[in-house]
Amino acid sequence: MSAARDPIDPAELMAFVDGRLPPERARAIDERLAEDPALAAEVRQYRAQRTALHDRFDPVLGEPIPARMLQGRTSSRRALARLSIAAALVLVGAAGGSLATRIYLERRAARLDLSAFAHQAVVAYAAYAPDTRRPVEIAAEQQQYLVGWLSKRLGREMRVPFLGDRGLTLVGGRLLPGEVDRPAAQLMYETARGERVTLFLRAIGDETAPTAFSFRRDAGVSTFYWVDRDWGYALTGPLDRPELLDVAKSAYDQLAR
Amino acid sequence: MAHPIVENIPSLRRYARALRGNRADADDLVQDTLERAHAKWHLWRRGSGVRPWLFAIMHGVFENQRKLARNRVQAVALEEMPEVAIAGAQEKAAEVLDVGAAIEKLPDAQREVLLLVGLEEFSYADAARILDIPVGTVMSRLAAARARLRELTSELAAATGKERVTS
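Chains as they are written, first to last, in the working numbering: chain A, 1 to 257; chain B, 1 to 167.
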């Protein structure tokens with residue numbers, strides 16, 4: 001019977017299997033299936049494939065995300081390889097006697113590092129600020145322990161800025177991956193309206209002159225970030241720019257070394 | 001209000017798991033993809049979808065990994081190809097249950113299309129953009145992948161009871 005008919009265009013058959021044909025064409029194929037059991041079986045099997053794929057792999061969606069994937073930058077072998085290439089370029093520039101090249105590359109590296117740092121802060125904000133159950137590892141009630149623990153892990157005396165006069169209460173903090181040998185910390189604060197503001201900090205590289213505040217805006221959140229000597233800070237939250245800047249200034253004053 | 005890249009990690013991991021077969025390779029693929037996405041974030045065009053953009057990056061990373069792997073362990077890879085056992089009905093059923101093992105036998109190019117459309121539910125046009133190939137090629141690879149998968153698991157319908165084969 002079906003031999004008398006033109007074969008169905010394979011692309012159209014695929015669209016039928018995927019439920020992406022306009023109703024009219026889908027009806028036409030339905031009619032063909034009714035009189036062609038072999039074709040009907042083929043379609044059933046293709047649909048079973050779709051179901052089997054979802055059954056087999058959808059559970060991955062519910063798996064907890066490994067912490068390393070929540071970083072802006074990582075310490076994978078390949079990233080390290082890239083870093084050493086960058087370092088080699090700097091050396092080549094120096095060996096070639098091209099001071100300009102070297103300064104350019106160093107500045108570029110510093111700029112990239114700072115923007116990666118800010119990005120890391122934003123990603124960390126996105127990962128933990130919306131968390132209602134466990135936004136922090138150590139809560140503000142144990143502030144002394146929090147400060148001691150983070151100081152130990154970060155290898156430097158931590159200060160937790162008091163931002164109560166800016167309407168921000170400390171929620172707590174957590175340790176986060178930063179760069180190789182440079183773990184990061186995230187301190188979380190909350191406004192009376194429940195908006196969260198985080199201060200992300202870690203060592204950032206060689207000691208440099210203090211930088212001005214830099215600003216970036218990502219979906220719904222603003223970030224002011226700055227470097228004080230060899231330490232980077234990023235303040236992230238869903239506040240207006242002037243409001244956040246005011247908080248950033250207060251934090252800067254308290255953190256300045 | 002998670003960052004758009006973070007929001008897409010679960011589906012990137014699902015796709016990578018299906019594409020690479022094992023968890024370690026899959027998570028490495030995701031990791032490299034995320035690194036590249038973060039580095040190129042400023043290149044993402046607002047208004048275009050983040051999800052297809054991320055999958056296109058993953059496709060590029062996957063291509064690179066394949067090139068490296070081809071140069072390194074070609075012979076080993078061929079020998080490690082799992083053979084589908086063809087024996088009693090019990091074994092067939094077990095084999096059918098693991099669609100993961102069956103899709104591993106598809107050529108990479110076919111598997112990518114099959115998964116982008118059949119698992120990640122991208123439109124044909126998005127799949128074409130992600131893989132940087134014409135839509136017509138997407139369709140022909142999709143048809144080829146499904147036909148081959150059907151051959152590989154030809155007793156699928158029988159074993160899952162959707163259609164009894166008279167023997």
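Calculated directly from the structure, the hints in this document are not laboratory data.
Treat the hints with care, as some may be off.
[Said to hold, decoys possible] Partial chain A-side listing against chain B, Cβ under 8 Å, derived:
1. ALA11
2. GLN49
3. LEU53
4. VAL60
5. ILE65
6. ALA67
7. HIS119
8. ARG216
9. ARG217
10. ASP246
11. LYS249
12. SER250
13. TYR252
14. GLN254
15. LEU255
Built from N, CA and C at the ideal position, the CB exists for glycine as well.
Output the numbers, in ascending order, of every earlier hint that fails for this structure.
-> Of the numbered hints, 6, 8, 9, 10, 11, 12, 13, 14, 15 do not hold.
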